[in-house]
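K.L.:
Chain by chain, the residues run as shown.
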Amino acid sequence: MIQFTINDQQVEAQHGWTILEAAREHGIDIPTLCYHEAVAPSGACRLCMVELKDGNWSKLVASCIYPVAEGIHVYTETERVHNVRRWIFEMLLATCPASPEISALAERYGVTSTRFSAADPDRTCMVCGLCSRVCEEVVGLSAIATVDRGVYKRVGAPFSRPTDVCVACGCCLSVCPTGAMQSLFDTVRGIPATIMTQLTA
Amino acid sequence: MYSLNSALRVDTPRLDSAEALNAYRENLIAGQDPNQTLVVVCHGTGCMANGSNRVTAAFQNAIEGADIKAKVMPGIKTTGCQGFCSRGPLVLIRPQGLFYQRVKEKDVEEIIQRTLIEGQPVERLLYKDPQTGKRIHTEQEIPFYKLQERVVLHNIGKIDPTDITDAIAAGAYRALAKALSGMTLEQVVSEVEQSGLRGRGGAGFPTGRKWRSAMAAIEKKGRPVYVVVNGDEGDPGAFMDRTIMEGDPHSVLEGLILGAYALGAEQGYLYVRAEYPLAIQHLEIAMAQARELGLLGENILNSGFSFDARINRGAGAFVCGESTALFTSIEGKPGNPRPKYTRSVEEGLWGRPTILNNVETWANVPLIIDKGGDWYAGLGVPHSTGTKVFSLVGKVNNVGLVEVPMGVPVSHIVEAIGGGVPGGAPFKAVQTGGPSGGCIPYHLKETPVDFDSLTKAGSMMGSGAMIVMDDSDCVVDVARYFLRFLEEESCGKCLPCRLGLTRMREMLDAFSKGVGTERDIEDLISLSQAIQDGALCALGSSAPNPVLTTINYFRDEYRAHFSDHKCPAGVCKDLITFSIDPDACTGCRSCARQCPNNCISGEKKQPHVIDANQCIRCGICKETCKFDAVRVS
Chain Y
1 MIQFTINDQQ VEAQHGWTIL EAAREHGIDI PTLCYHEAVA PSGACRLCMV
51 ELKDGNWSKL VASCIYPVAE GIHVYTETER VHNVRRWIFE MLLATCPASP
101 EISALAERYG VTSTRFSAAD PDRTCMVCGL CSRVCEEVVG LSAIATVDRG
151 VYKRVGAPFS RPTDVCVACG CCLSVCPTGA MQSLFDTVRG IPATIMTQLT
201 A
Chain X
1001 MYSLNSALRV DTPRLDSAEA LNAYRENLIA GQDPNQTLVV VCHGTGCMAN
1051 GSNRVTAAFQ NAIEGADIKA KVMPGIKTTG CQGFCSRGPL VLIRPQGLFY
1101 QRVKEKDVEE IIQRTLIEGQ PVERLLYKDP QTGKRIHTEQ EIPFYKLQER
1151 VVLHNIGKID PTDITDAIAA GAYRALAKAL SGMTLEQVVS EVEQSGLRGR
1201 GGAGFPTGRK WRSAMAAIEK KGRPVYVVVN GDEGDPGAFM DRTIMEGDPH
1251 SVLEGLILGA YALGAEQGYL YVRAEYPLAI QHLEIAMAQA RELGLLGENI
1301 LNSGFSFDAR INRGAGAFVC GESTALFTSI EGKPGNPRPK YTRSVEEGLW
1351 GRPTILNNVE TWANVPLIID KGGDWYAGLG VPHSTGTKVF SLVGKVNNVG
1401 LVEVPMGVPV SHIVEAIGGG VPGGAPFKAV QTGGPSGGCI PYHLKETPVD
1451 FDSLTKAGSM MGSGAMIVMD DSDCVVDVAR YFLRFLEEES CGKCLPCRLG
1501 LTRMREMLDA FSKGVGTERD IEDLISLSQA IQDGALCALG SSAPNPVLTT
1551 INYFRDEYRA HFSDHKCPAG VCKDLITFSI DPDACTGCRS CARQCPNNCI
1601 SGEKKQPHVI DANQCIRCGI CKETCKFDAV RVS
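Just so you know, the protein sequences line up as chains Y and X, in that order. Taking this note's numbering, the leading residue of the first sequence gets 1, the next gets one more, and so forth. Taking this note's numbering, the leading residue of the second sequence gets 1001, the next gets one more, and so forth.
The hints are simulated quantities; they were obtained by calculation from the structure and are not laboratory data. All values derive from a computational prediction rather than experimental measurement. Don't be surprised by glycine CBs; every beta carbon is placed ideally from N, CA and C. Take the hints with a grain of salt, since some may be wrong.
In silico DSSO-like links for lysine-lysine, alpha-carbon gap of 30 angstroms or less [as the list claims (entries may be wrong)]: (1) K59/Y <-> K1340/X; (2) K1340/X <-> K1456/X; (3) K59/Y <-> K1221/X.
Here are a few chain X residues that sit away from chain Y, every Cβ distance over 12 angstroms (derived from the structure) [what the hints assert, rightly or not]: (4) I1076; (5) E1118; (6) F1305; (7) N1613.
If you want the footprint, here are the derived chain X segments under chain Y, 3+ residues with CB under 8 angstroms [said to hold, decoys possible]: (8) 1483-1492; (9) 1527-1535.
Could you put together the complete structure from these sequences and hints?
P.N.:
Printed below as a string of structure tokens:
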């Protein structure tokens, strides 16, 4: 077992665990959006940032990825952690104004308004990539993926066309933290060929 | 000229020992005539763009036809970038060292007649000292070259990069021969440690320490291990690595082979951006020629050590210069950075121990092995040893490539070597480190250029781009430019970078329109810190640097935008108006003819007027006016 502290509280964790896993094991709360037990962590949403301190030295790490180590001192509620968290929530509120899940999570951490204006009032997806990771790692199909890069990054099927690789298993729907997959699902999957023939007949 | 192996003029078998390589070199040197007249034409990308290949062709045709009464016919050599890019195309006449600038095809005849036949310089093509107005004859006397210390670049501009024999005669692969014939792996690593060399890609991590950790990782995990060259140079205004790959590809290759030898790697990768076709071509030629001679591939110099390398082309993503994104790209996946809590020396390419170094870092390695780590540590300053190559661009007289020892002041590079701002005004600031770095304002111009001093000033060494700004550059506009660049180039994986950079840019957009408050500046700083702390990779975490340093040094200029609705530099279009000074205007009508919106009116030979309501503030009238009558306020 590995011994270390979270918020000055002595905790234990097994070798190979991440800080997040250890914290949740001990009932210490850390917010996450792109994390799910079913897939490998990717460290994309950065809501789970925690501060490591050692004397005067300190740095912020993503707790969903950072492996526990003997004797480290982890803090989950410092000023720097709060600053990162608050800004991400403010930006998320403006990016995904139509997602009640995001509003609720932000509110739980004390962020109820944003200084930014919303570009698209109907948007719910913040491209955390959890849907595509489930499709790749759990279902094994990679019917969807994140496409393009930077500010243009979005979730979609190859070449942005409906794909029949999708088997409609619904895994992406169940892991989606913002409810965005509800509306994306049909565009990814397209209308099944049988129904299409009926429609066009 | 560029066909593979065409340069192997001497019928050479594979070199089967270090002695054979050294004998081969002696032979090549003995075959050179030091008195032969050589017309050396720069074929760097900059000079090529200005038509230096046509100049070379003109020389070839003309020399054959000319009546030159010399025992040895003048030779023509094409080289990599000679550095003085703003003066290109450059032609040097060796052995005299005559330096001709801005040479056009039509000048070739005169150079042949005056210089090659009559032995006299062509005065009008010589460099003119802007201070004294005197023509300077040779390269070594020109301050731009005289004040530099060319160590990494020492062969560039001297050798033909497509001819391995030329490189070998100039000393290439001497370090390899030395290492393979008598140095243990341990000794090679120690020598690099001893040198104090720090990574030239930007972060400045000690190279020797990196190699040492890789050795420890290999002990734990075994082989295979990989060595990788990061040639994905993408900072706006940076072209150091391109120049090295184009002008002296063997220095990079030899460094890589030495690194592979030290770690027992059998495979290496050169990740070069596809936008550098000439660099890729020269590296390919260099590798093919090195294989031919037995310097790369199976059983190098018959030492029992085998190593080969291949080139991977970047597909146009700036983020692939980040180490983990570079690895995923080589592995054939989208170039997204990976979370990096295990170092790449332990878990890099294909999950194996990997040494990734920048082009310039690798190019330093042969020098260190050849001349010794102690020699290298004697260059520069204690914690930043050696020299550094900078690309000097922006509002500076001498645009080009500059190599200086670490620790010289900013003013030495910008003012002494660069010749200062055109027109003689002091510079406003120098942006170092590209979009990840920050600016050094004029009052800190004596800041020593080394890793630690630049970081202390809020900037960073970065890969070595230096962009000089003057009073006509607006800091808000510059910061916006870099943010826009990074917004496009972010991989988009993590939220602080993907969402945060856009939000920061929007706040700067508002400033440039005169909208904002003191609170917005504070928010900008606070959001910057969140991105620095929260972003997944170095692209994101360093992205706020240009904004933070400009706020730090030029806060009043930011303020002027929203509190006075003024852009002091006269750049932000929403805050400036163009007008014509009636006393200076001669009524020549040239601005009125050029105005794309037809909003300049006036009678011929009478002062003209700009209709401010119609004006789109493109600035063409100001550029057109020969009498400096257009005012910006």
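K.L.:
Would you mind marking each hint as holding or not holding in the structure?
P.N.:
Evaluation of the provided hints:
no.: 1; hint: K59/Y <-> K1340/X; in the structure: holds, 13 angstroms
no.: 2; hint: K1340/X <-> K1456/X; in the structure: holds, 25 angstroms
no.: 3; hint: K59/Y <-> K1221/X; in the structure: holds, 28 angstroms
no.: 4; hint: I1076; in the structure: holds, 45 angstroms
no.: 5; hint: E1118; in the structure: holds, 60 angstroms
no.: 6; hint: F1305; in the structure: holds, 36 angstroms
no.: 7; hint: N1613; in the structure: holds, 29 angstroms
no.: 8; hint: 1483-1492; in the structure: holds (count 6)
no.: 9; hint: 1527-1535; in the structure: holds (count 7)
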